[in-house]
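Visitor: So the protein sequences, as listed, match chains A and B.
Per full-length UniProt numbering, the first sequence runs over residues 1 to 541.
Per full-length UniProt numbering, the second sequence runs over residues 1 to 541.
Among the hints, erroneous ones may be present.
When the alpha-carbon atoms are kept at most 20 Å apart in a straight line, the in silico SDA-like pairs for lysine to any residue are as follows [what the hints assert, rightly or not]:
| id | chain 1 | residue 1 | chain 2 | residue 2 |
| --- | --- | --- | --- | --- |
| 1 | A | K294 | B | A338 |
| 2 | A | K433 | A | A529 |
| 3 | B | K513 | B | H498 |
| 4 | A | K265 | B | A338 |
| 5 | A | K265 | B | W346 |
| 6 | B | K294 | A | N446 |
| 7 | A | K149 | A | A119 |
| 8 | A | K294 | B | A215 |
| 9 | A | K294 | B | A217 |
| 10 | B | K294 | A | A217 |
| 11 | B | K294 | A | G339 |
| 12 | B | K518 | B | P400 |
| 13 | B | K429 | B | D367 |
| 14 | A | K265 | B | P337 |
| 15 | B | K265 | A | A119 |
| 16 | B | K265 | A | A338 |
| 17 | A | K518 | A | D401 |
Just so you know, these hints were derived from the structure itself, not from any lab.
Number of protein chains: 2
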Amino acid sequence: MQEWPLRLSHVLDYGSTVHADTEILTWTGSGARTTTNAEIGRLAARLANGLRELGVRGDDRVATFCWNNAEHMAAYLAVPAMGAVLHPLNIRLPADHLAYSANQVADKVVLVDGTLIPALAPILPRLSTVEHVVVIGDGDAEPLAAAGKPVHRFDELTGAQPDTFDWQYDGDETDAAAICYSSGTVGLPKGVAYSHRSIWLHSMQIASAGSFGFAPATRSLVVVPMFHVMAWGMPHAAFMTGAGLLMPDRFLTPEPLAAMIAAAKPTHGAAVPSIWTGLLAYLNAHPTDTSTLKEVVVGGSACPESLMRGFDEHGIRIVHAWGMTETSPLGSIARPPAGVTGDELWRYRLSQGQIPASVQARIVAPDGSVAPRDGQTVGELEVAGPWITGRYLDSDEPDPDRFDDGWLRTGDVGTLSADGYLTLTDRAKDVIKSGGEWISSVELENHLMAHPAVLEAAVVGVPDAKWEERPLASVVLRDGASATPEELRDFLADRIPHWQLPERWTFLTEVPKTTVGKFDKKVIRRQYADGDLAVRNLKES
Amino acid sequence: MQEWPLRLSHVLDYGSTVHADTEILTWTGSGARTTTNAEIGRLAARLANGLRELGVRGDDRVATFCWNNAEHMAAYLAVPAMGAVLHPLNIRLPADHLAYSANQVADKVVLVDGTLIPALAPILPRLSTVEHVVVIGDGDAEPLAAAGKPVHRFDELTGAQPDTFDWQYDGDETDAAAICYSSGTVGLPKGVAYSHRSIWLHSMQIASAGSFGFAPATRSLVVVPMFHVMAWGMPHAAFMTGAGLLMPDRFLTPEPLAAMIAAAKPTHGAAVPSIWTGLLAYLNAHPTDTSTLKEVVVGGSACPESLMRGFDEHGIRIVHAWGMTETSPLGSIARPPAGVTGDELWRYRLSQGQIPASVQARIVAPDGSVAPRDGQTVGELEVAGPWITGRYLDSDEPDPDRFDDGWLRTGDVGTLSADGYLTLTDRAKDVIKSGGEWISSVELENHLMAHPAVLEAAVVGVPDAKWEERPLASVVLRDGASATPEELRDFLADRIPHWQLPERWTFLTEVPKTTVGKFDKKVIRRQYADGDLAVRNLKES
Numbered sequence: 001m002q003e004w005p006l007r008l009s010h011v012l013d014y015g016s017t018v019h020a021d022t023e024i025l026t027w028t029g030s031g032a033r034t035t036t037n038a039e040i041g042r043l044a045a046r047l048a049n050g051l052r053e054l055g056v057r058g059d060d061r062v063a064t065f066c067w068n069n070a071e072h073m074a075a076y077l078a079v080p081a082m083g084a085v086l087h088p089l090n091i092r093l094p095a096d097h098l099a100y101s102a103n104q105v106a107d108k109v110v111l112v113d114g115t116l117i118p119a120l121a122p123i124l125p126r127l128s129t130v131e132h133v134v135v136i137g138d139g140d141a142e143p144l145a146a147a148g149k150p151v152h153r154f155d156e157l158t159g160a161q162p163d164t165f166d167w168q169y170d171g172d173e174t175d176a177a178a179i180c181y182s183s184g185t186v187g188l189p190k191g192v193a194y195s196h197r198s199i200w201l202h203s204m205q206i207a208s209a210g211s212f213g214f215a216p217a218t219r220s221l222v223v224v225p226m227f228h229v230m231a232w233g234m235p236h237a238a239f240m241t242g243a244g245l246l247m248p249d250r251f252l253t254p255e256p257l258a259a260m261i262a263a264a265k266p267t268h269g270a271a272v273p274s275i276w277t278g279l280l281a282y283l284n285a286h287p288t289d290t291s292t293l294k295e296v297v298v299g300g301s302a303c304p305e306s307l308m309r310g311f312d313e314h315g316i317r318i319v320h321a322w323g324m325t326e327t328s329p330l331g332s333i334a335r336p337p338a339g340v341t342g343d344e345l346w347r348y349r350l351s352q353g354q355i356p357a358s359v360q361a362r363i364v365a366p367d368g369s370v371a372p373r374d375g376q377t378v379g380e381l382e383v384a385g386p387w388i389t390g391r392y393l394d395s396d397e398p399d400p401d402r403f404d405d406g407w408l409r410t411g412d413v414g415t416l417s418a419d420g421y422l423t424l425t426d427r428a429k430d431v432i433k434s435g436g437e438w439i440s441s442v443e444l445e446n447h448l449m450a451h452p453a454v455l456e457a458a459v460v461g462v463p464d465a466k467w468e469e470r471p472l473a474s475v476v477l478r479d480g481a482s483a484t485p486e487e488l489r490d491f492l493a494d495r496i497p498h499w500q501l502p503e504r505w506t507f508l509t510e511v512p513k514t515t516v517g518k519f520d521k522k523v524i525r526r527q528y529a530d531g532d533l534a535v536r537n538l539k540e541s
Numbered sequence: 001m002q003e004w005p006l007r008l009s010h011v012l013d014y015g016s017t018v019h020a021d022t023e024i025l026t027w028t029g030s031g032a033r034t035t036t037n038a039e040i041g042r043l044a045a046r047l048a049n050g051l052r053e054l055g056v057r058g059d060d061r062v063a064t065f066c067w068n069n070a071e072h073m074a075a076y077l078a079v080p081a082m083g084a085v086l087h088p089l090n091i092r093l094p095a096d097h098l099a100y101s102a103n104q105v106a107d108k109v110v111l112v113d114g115t116l117i118p119a120l121a122p123i124l125p126r127l128s129t130v131e132h133v134v135v136i137g138d139g140d141a142e143p144l145a146a147a148g149k150p151v152h153r154f155d156e157l158t159g160a161q162p163d164t165f166d167w168q169y170d171g172d173e174t175d176a177a178a179i180c181y182s183s184g185t186v187g188l189p190k191g192v193a194y195s196h197r198s199i200w201l202h203s204m205q206i207a208s209a210g211s212f213g214f215a216p217a218t219r220s221l222v223v224v225p226m227f228h229v230m231a232w233g234m235p236h237a238a239f240m241t242g243a244g245l246l247m248p249d250r251f252l253t254p255e256p257l258a259a260m261i262a263a264a265k266p267t268h269g270a271a272v273p274s275i276w277t278g279l280l281a282y283l284n285a286h287p288t289d290t291s292t293l294k295e296v297v298v299g300g301s302a303c304p305e306s307l308m309r310g311f312d313e314h315g316i317r318i319v320h321a322w323g324m325t326e327t328s329p330l331g332s333i334a335r336p337p338a339g340v341t342g343d344e345l346w347r348y349r350l351s352q353g354q355i356p357a358s359v360q361a362r363i364v365a366p367d368g369s370v371a372p373r374d375g376q377t378v379g380e381l382e383v384a385g386p387w388i389t390g391r392y393l394d395s396d397e398p399d400p401d402r403f404d405d406g407w408l409r410t411g412d413v414g415t416l417s418a419d420g421y422l423t424l425t426d427r428a429k430d431v432i433k434s435g436g437e438w439i440s441s442v443e444l445e446n447h448l449m450a451h452p453a454v455l456e457a458a459v460v461g462v463p464d465a466k467w468e469e470r471p472l473a474s475v476v477l478r479d480g481a482s483a484t485p486e487e488l489r490d491f492l493a494d495r496i497p498h499w500q501l502p503e504r505w506t507f508l509t510e511v512p513k514t515t516v517g518k519f520d521k522k523v524i525r526r527q528y529a530d531g532d533l534a535v536r537n538l539k540e541s
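Throw the hints in and build the complete structure from the sequences for me.
Guide: This is the structure we're talking about:
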């Protein structure tokens, strides 16, 4: 077979010519701005010429600080196709983390949406390697001046440039094409480099009928940000397949999302559950024509059954998928087998989904052994494959805490069934390791929160002399409700194995939360360690 | 990203576990024999163990001489996954060509279907490198004895073997996995080696929604033989996606095909046009339940519009595709753009189709320049990509007659449109090179055969002092009909450019044909050169 490296320059060529008329729509707040793939292709060439003028050479890094829009799409294609490396900065990271990531990879140029200047400006002076800033669209650029770096207008930089560019087709397909950072809840974010090859293979998976099924008839509403795991691979997959995209820019609240669905008629969509939760409530209250939208992919966190059922009633099928920054991200997608119905169907729909052929998965049990694929044995999920990262950018070698003999340790805990479906129950750091067995904190919390008196519950592992760890149940009661630890323990006893029942109980006025609203369990662990919690121990009583 | 070679051992693992219950059905003449993917996986392991016992090591070649069936499927997976190379012998090749191909690649073992013993036996003594013969199923093995090679029964060789095997996951993904020979109409066949990587990537394309869309809901009727371009990649794609297959074994005539469609309910099918032509006539005469069958892919030669329209009336969509042994084979597939209707729709459906992102195509004009993608400029089609061969096995270097600076010269002549659709009009060897322009022999023939008096017409290029070549029209009139060269020339004059009108005309009682029924134009050229034809030259008259 020919030696033909899988380089994204071919994807740019292909999408902008064979699918020249495919549309990339960008929402403006009042309507959709249309850019054809052919126009994106010419814009990409002008951008590449402009970046060369700014001194971008070889595998220099080019950062973006942008919403999902046509100009960001052009950068997605132009930067890797010219041989440079794209680094979409996650605009939602704290300033320290943004500066850390930009400096770690040595971003040379930053493209910023005019509407995001106020967010970038305070951080810009700390981006020590950045030599040029390019502002896309309007917006007062004055706040950027303090950093003392040249500021260019995108239209001026690209306007007079040639519509063609000498794209780089040679080179190794394993060269880096793009970099994203995982936003861990603890510590600094960790950089992951995607190669031309990994993006190509992942795009082919997005095109697979059993995954997203991208094809020329698709128009996907890409709510998942382009600064978050490459927008789940959809921009490159779209150019590879002729699928069209609908980009919401900064309009991410339910009302404009509903308006753009009615006006721009997407067939497909992708976002985290919280987006769809908000949209569902809006659609239920405001009748909207969503008839073109047949399927939305949900990932990023577990999807509640109520959300799926709610969208079912609008004729929109939610398909659950699992992945992470480290996995490009498609690790699994929950399409139930043909013919299953009822509870079984829902079990499949609510799982994290089935692995594709290019993703190997295994569950490693608490004792370090590889668990059977029985859908029962709980352990940490490890994955391998051509679009799974082999290391982080902070180290030349794989960190043994995160990699296990070539496999990525995902930090997710759950089971794997014989037919390749993942069911994840916990983060590894939250699982409770009791006497060589694992107890899912999330499962205990879900059962506790089903008790009528309980508003919130958080369960963490605390040290235990005999069992290594035991669960501590922290409960917030509803206003005016009352329940004793004994009553709650009896309630649980009907629902979980006896050895998992917590002995230690504490009542809180509120569960501590992180800035993004997740239970902040490390605070509870610290309060417990410091003796700041009033704990009842049923075993001792 | 992880260094994770794309090896078919992973495909075997994946399909036989994650899609363990997927069915591979083999038609027996009276019903379907069911083998699950899990059973195929165990059978593959037993076969690999058996082949090791026969001395298959490293990249030894293992040939098959088999119909499409479950055992052939096991060999398709086992042989590459153990690190050896599969060589499906084309049972329809002449004995000389079969012996040439088997000896060229040094086949060590041949697996033969019991029903094909009579076909293999006369050739076997000439397969000089073959050390063992393995007979699948029943059948008198006595005729094989003359070759003096050990003959084994498949069931005995594999029956007592372990259900597991130490599959080879390491090694280079560019290692050869399988070999097929192109059956050129002239000269010896030419061997093409497919790599693990090329089969993997091609399988992902077969899974793409815009190509075959293989997914767990698919059950494909694989009429195209597994000894012909790897059955168009469907066996490996099936194991990669969970698609099921319906294998017709030796039952390739319309009546059993109709019976197996009604009984085994495929959703999809693939074969050359002649198969579908026969089936259509049968279905029209014998009402059959084909309601599950939604789409069939047709390739191998041009598909007549009447065939497509005929199947449309049965609710079965014919999708035209183009490829060759050298292209794995998927080069293009004719899915019309969304929204086109009427004549435009039919123009797209009747084209050879649109190239996917992994296939580069260009038209090289008669003067050697790359033609514009205008759908008008005619030239030879050249292709490149990761599943296009870079050389033939008869040479370590690319033959410059068949390769052009890394591109494969397909020998097909036609046009390429701006939106990447191929329209092929001729084989390069049949095109008529007149005064620096090309005349399509096929187009002239089609127009001539539309004349009511004409039964058959073959047009070939013959030497011309002024124009280099000019067309010679050879016409067979219908019984009792009459027409003069002048009348036929006038008929053509309304339909083609004036400069393409043939001056030279001859009437034949029958067009000479090859053994597979194609016009044998080299016979006409020789007869003309030898002065054996009575030719009228209108220019001279």
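Visitor: Look at each hint and say if it fits the structure.
Guide: Results of checking the hints against the structure:
| no. | hint | result |
| --- | --- | --- |
| 1 | A:K294 / B:A338 | holds (17 Å) |
| 2 | A:K433 / A:A529 | holds (17 Å) |
| 3 | B:K513 / B:H498 | violated (29 Å) |
| 4 | A:K265 / B:A338 | holds (14 Å) |
| 5 | A:K265 / B:W346 | violated (27 Å) |
| 6 | B:K294 / A:N446 | violated (45 Å) |
| 7 | A:K149 / A:A119 | holds (16 Å) |
| 8 | A:K294 / B:A215 | holds (18 Å) |
| 9 | A:K294 / B:A217 | holds (18 Å) |
| 10 | B:K294 / A:A217 | holds (18 Å) |
| 11 | B:K294 / A:G339 | holds (18 Å) |
| 12 | B:K518 / B:P400 | violated (27 Å) |
| 13 | B:K429 / B:D367 | holds (16 Å) |
| 14 | A:K265 / B:P337 | holds (18 Å) |
| 15 | B:K265 / A:A119 | violated (59 Å) |
| 16 | B:K265 / A:A338 | holds (14 Å) |
| 17 | A:K518 / A:D401 | violated (24 Å) |
Checked against the numbered hints above, the structure violates hints 3, 5, 6, 12, 15 and 17; every other hint is satisfied.
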